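S.K.: Respectively, the protein sequence lines represent chains A and B. Going by the working numbering, 6 is the number at position 6 of the first sequence; the sequence numbering is gapless. Going by the working numbering, 1081 is the number at position 81 of the second sequence; the sequence numbering is gapless.
Possibly wrong hints are sitting among the right ones.
Stated by the list, open to error - Incomplete in silico selection of chain A near chain B, CB under 7 Å:
1) Pro354
2) Ala355
3) Gly359
4) Ile362
5) Asp543
6) Trp544
7) Gly568
8) Glu571
Said to hold, decoys possible - Derived, one-sided and incomplete: chain A residues facing chain B with beta-carbon distance under 7 Å:
9) Met202
10) Trp335
11) Glu407
12) Pro410
13) Gly574
14) Tyr577
15) Ala581
16) Gly586
What the hints assert, rightly or not - Have a look at the derived ranges for each label pair, beta carbon to beta carbon:
17) B/Arg1155 <-> A/Arg408: 57 to 63 Å
18) A/Pro336 <-> B/Met1001: 48 to 54 Å
19) A/Asn237 <-> B/Ala1086: 52 to 58 Å
20) A/Asp370 <-> B/Ala1055: 54 to 60 Å
21) B/Ala1055 <-> A/Glu386: 54 to 60 Å
22) B/Met1001 <-> A/Glu550: 27 to 33 Å
23) A/Ala373 <-> B/Met1001: 29 to 35 Å
24) A/Pro300 <-> B/Ala1086: 55 to 61 Å
25) B/Ala1055 <-> A/Gly568: 30 to 36 Å
Calculated from the structure, these hints are not laboratory results. Everything numeric in this text was worked out from a predicted model, so none of it was measured. Cβ coordinates follow ideal geometry from the N, Cα and C atoms, glycine included.
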Amino acid sequence: MPPRQQRGRRAPSAPPAGRIRSRAEELPQPPPVTLPEQAESRSQEPRPPDPATEEARGVRPDEDARQAVVLAGSFADAWAAAGYLGQLLDLTEAMPTVRHGRGRWWVMASIPLNLGRELIELAEGRGYVRHGDRLQPDRGWGAAPRPSQSRGTALDHLSELSLLDLVRAAGMHARPASPREQVIALVPTARAPSLLRRALEMRLHAAFRPVRLSPLFNGSAPEQQPGTLVEVRIAGNAPAGRQDRHVSESLIAMLDADANVLLCREVSPRLLVQHDRHSPLTDRQLAALVGDDAWVLADPPHGCWSMTPLAEFAGAGSLVRLGLSHQLEPGDESWPDHDLATPLPEPAELKIVPALDRGGPIDALLLDDDDLAGLPLLLQGHPLAEFATLVRGRDRHLLTAPGGIIERIPLGEYLACVGPGPIYLAHGWRTEPRLPADVWRRLITVVPGTALVLEQTRTMAFDLSRRRPVWELWAGGLPPFDAQLDADADELLSRMEEQLRAATQPRPGDPRQRGKADQPGGARGLLRRLTRTDPAASRDQLDWRERADEAERAGELLVAAKLHEQNGELERAGRLYERAAYEGPGGSSQQP
Amino acid sequence: MPEISLLTRAASCYERAGVPLDAVRCYRAAGNYRPAAQIWENLGAFQEAARDYAAAGAHEVAAWIYAHHVGDIPAARAELAAAEAAAEATPGRPGPAAGAATPPTAATRAAQLRRRVIQARCNAAENVAGTETLAILREVMQHLEQGREPLDLARVEERAVQVAEVMNRPDLVALLFAAAVRGGRYQAAERWNAWSLRVLGVPLLLPEPGTDPAMVADATDGRPAGSQAARS
């Protein structure tokens, strides 16, 4: 706090020397230059304080002035008194009371003497200390004044008033209103609907409730009779942080200019103050004064009221009057269905329509007989011939490959896979409506081991167990087997064959007898038995492409993609990753 | 919604397999427009590259491609305005909110210089505002010669040289390269020599270190100016 340079009213009554002991006295002082005999005599005398130093420092000494006394502040106008009252309301022990007399306002409270002096001086009042039924004038300095029967003011000459009377006398001053997120308008009932409609048009939150108003002050003017009004709360609609969350200033200005409307700000749920008016008490101090009923404080012509809500808030939409066509009427009996077997809606017809994106890779080829005839010419020597497989049908044939055909072979009809399983649409076409991957997943579980090709008018099904390597188209069957053994070895093997056959000769009715007739005999049959491998064992020896194919057909696209990527088939790996992104990676996404 | 990481992986596979258009499809489906734009740019499809750079928010690159490769100057100026607006909105940029005392960072100055070069390229294409263009090129020369910060000057130099070439001003090209050589920019003399061989058909002759007064002055500053020229 900057030091006070002057204290005009206190200067004439400067404290007498020797009465003030302040901390300033304890400050180290430079030793005076004295003769030895003088120094000894001075040390016995009390050192007098220096009032000039105290005045320059501007510190009100605390000694003898810290105890609580009943201190009265006397103020020439109610505004200053109310300011002092507000400060006292913040002190819980003060218990202020208000009196009026001799043309001045008196605010009395139990308060530490020096604190009271500071507050009274702030409000430009004069301090009095109560002794019995008299108020003794305080010097504003040092200890409290002594009791005296002749000086001061008798309390009997001052009439006691309520705090509210002081608030009323102090009135309010105008201050430009800041933008507000919410305003409250008290309007006559006839004006409320138009205001609410306007608020709705401006996309503001608006709610209303009827309230009962009764005069706040005793002895109010006779025209302040109790009555009812409508309280309308208008709030911005934008989320917090947006600049337009405030109520429009033009709306506030319009409401403020309307003599029938009282525009308020909400200080607390029980205190409404005219939106651009402020009391000398702060909002918090003012709210502490409010009793049971809510207060409405406003300048004339509106005045101050005690407000009692008569209902809960209702949205402004409830006051919108609808036209005749909006009235509620009984439903039309013909509208609901009556005779349907199931209330479920009829599913939309699945159509196959052109798609916008036609740049995707090719997953399979649908061939007819002519295409099949030309296929060997295109695929002989082609890398695709190593692993592409063909499923022959009646008049259509399906050419697939693990990871997709990819290459645009100029033959047949291009197909694109649409599901996690082998479900194909013509390339560049899609279903209408679009279907989620789960639909295709369910569809393929209905017909496992089958590839489906959806066309506009039919769905072709190809049995994948009949897949054959495409090279069989031009490689044909195996040539006749010629063991090229010499005559002795051939005879020996033939005898061994006969003995084995006799040893394993089934008796009549033995089920093992069936199917043996078509087994090759001689050296070829023996060789086959010697080189036969266990199907269970061969499964572990599948090459990576067969494993990838199995995973792909099982819908585990991520596994298949990783296998292709690890083995350098990057384009097919990319296609499988792409399909996995849209159709789901499959049930098992672990490393292959 | 497609799985973004799988689409990105698919695009990577397609790129390695040498099928860039499929990679572009996957990158765009994943919302990853910048690598898609780079593929387009490598393929020479500058219109698509600029469109994808703009979608990726790289308005400055899009503006340069529109101006220099596509020749769509209105689109280039629109992208340049978008780049300016994005730079204005960048947090931490000096402005009224940040306080005028905050100095611009080296990256901010580099981006500003690049945008000014694009402005010069647009001016040169439309044959307008020649004075402003010359002022921009002079500013570039000043940065090439005296700039002590890593302002991505190689790209600025390359673009400024292209602007000067469009203006049919080999003298400005020479001044730009000379500024870069004096500023000790890495392999500036080699780039100047390559330009001379490509455009003039003759190799470049630069003075030996210590014989050129400007280089001597640079050497007194303690900068490695002229060392590149000596190697050439």
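S.K.: Would you mind marking each hint as holding or not holding in the structure?
M.R.: How the hints compare with the structure:
1. The restraint placing proline 354 of chain A at the interface with chain B is violated, with a minimum CB-CB distance near 17 Å, outside the 7 Å limit.
2. Below 7 Å, beta-carbon pairs count as interface contacts, and alanine 355 of chain A has none with chain B, the closest being about 13 Å; its hint is therefore violated.
3. Nearest Cβ of chain B to the Cβ of glycine 359 of chain A: about 6 Å, under the 7 Å cut. The hint holds.
4. With a least beta-carbon distance of about 11 Å to chain B, the hint placing isoleucine 362 of chain A at the interface is violated under the 7 Å criterion.
5. A distance limit of 7 Å between C-beta atoms decides the matter here; for aspartate 543 of chain A the minimum to chain B is near 20 Å, and the interface restraint is violated.
6. The interface hint given for tryptophan 544 of chain A is broken, as the beta carbon of that residue sits about 16 Å from the closest beta carbon of chain B, more than 7 Å.
7. Hint status for glycine 568 of chain A relative to chain B: violated, with the closest Cβ pair at about 9 Å, above 7 Å.
8. Because the beta carbon of glutamate 571 of chain A sits about 4 Å from the nearest beta carbon in chain B, less than 7 Å, this interface hint is met.
9. Because the closest C-beta pair between methionine 202 of chain A and chain B is about 30 Å apart, greater than 7 Å, the hint is violated.
10. For the restraint placing tryptophan 335 of chain A at the interface with chain B, the shortest Cβ-Cβ distance is roughly 37 Å, beyond the 7 Å limit, so the hint is violated.
11. A cut of 7 Å between beta carbons decides the hint on glutamate 407 of chain A: the least distance to chain B is about 11 Å, and the hint is violated.
12. A distance limit of 7 Å between C-beta atoms decides the matter here; for proline 410 of chain A the minimum to chain B is near 18 Å, and the interface restraint is violated.
13. The interface hint given for glycine 574 of chain A holds, since its Cβ lies 3 Å from the closest Cβ of chain B, which is under the 7 Å cut-off.
14. At a threshold of 7 Å, the smallest CB-CB gap from tyrosine 577 of chain A to chain B is about 4 Å, leaving the interface hint in force.
15. Given the 7 Å rule on beta carbons, the hint for alanine 581 of chain A holds: about 4 Å separates it from the nearest Cβ of chain B.
16. Against a cut-off of 7 Å between C-beta atoms, the interface hint on glycine 586 of chain A is violated, since the closest Cβ of chain B lies about 11 Å away.
17. At about 39 Å, the beta-carbon gap between arginine 1155 of chain B and arginine 408 of chain A misses the expected band of 57 to 63 Å.
18. At about 37 Å, the beta-carbon gap between proline 336 of chain A and methionine 1001 of chain B misses the expected band of 48 to 54 Å.
19. Between asparagine 237 of chain A and alanine 1086 of chain B the CB atoms are about 30 Å apart, so this pair departs from the stated range of 52 to 58 Å.
20. A C-beta distance of roughly 45 Å is found between aspartate 370 of chain A and alanine 1055 of chain B, which places it outside the suggested range of 54 to 60 Å.
21. Here the CB-CB span from alanine 1055 of chain B to glutamate 386 of chain A is close to 41 Å, at odds with the stated 54 to 60 Å.
22. The supplied range of 27 to 33 Å is met by methionine 1001 of chain B and glutamate 550 of chain A, whose beta-carbon atoms lie about 28 Å from each other.
23. Take alanine 373 of chain A and methionine 1001 of chain B: their Cβ atoms lie about 44 Å apart, and the range 29 to 35 Å is violated.
24. Between proline 300 of chain A and alanine 1086 of chain B the C-beta distance comes to about 57 Å, which sits within the given range of 55 to 61 Å.
25. The given range of 30 to 36 Å is respected by alanine 1055 of chain B and glycine 568 of chain A, whose C-beta atoms sit roughly 33 Å from each other.
Taken one by one, the earlier hints fail for this structure at numbers 1, 2, 4, 5, 6, 7, 9, 10, 11, 12, 16, 17, 18, 19, 20, 21, 23, listed in ascending order.
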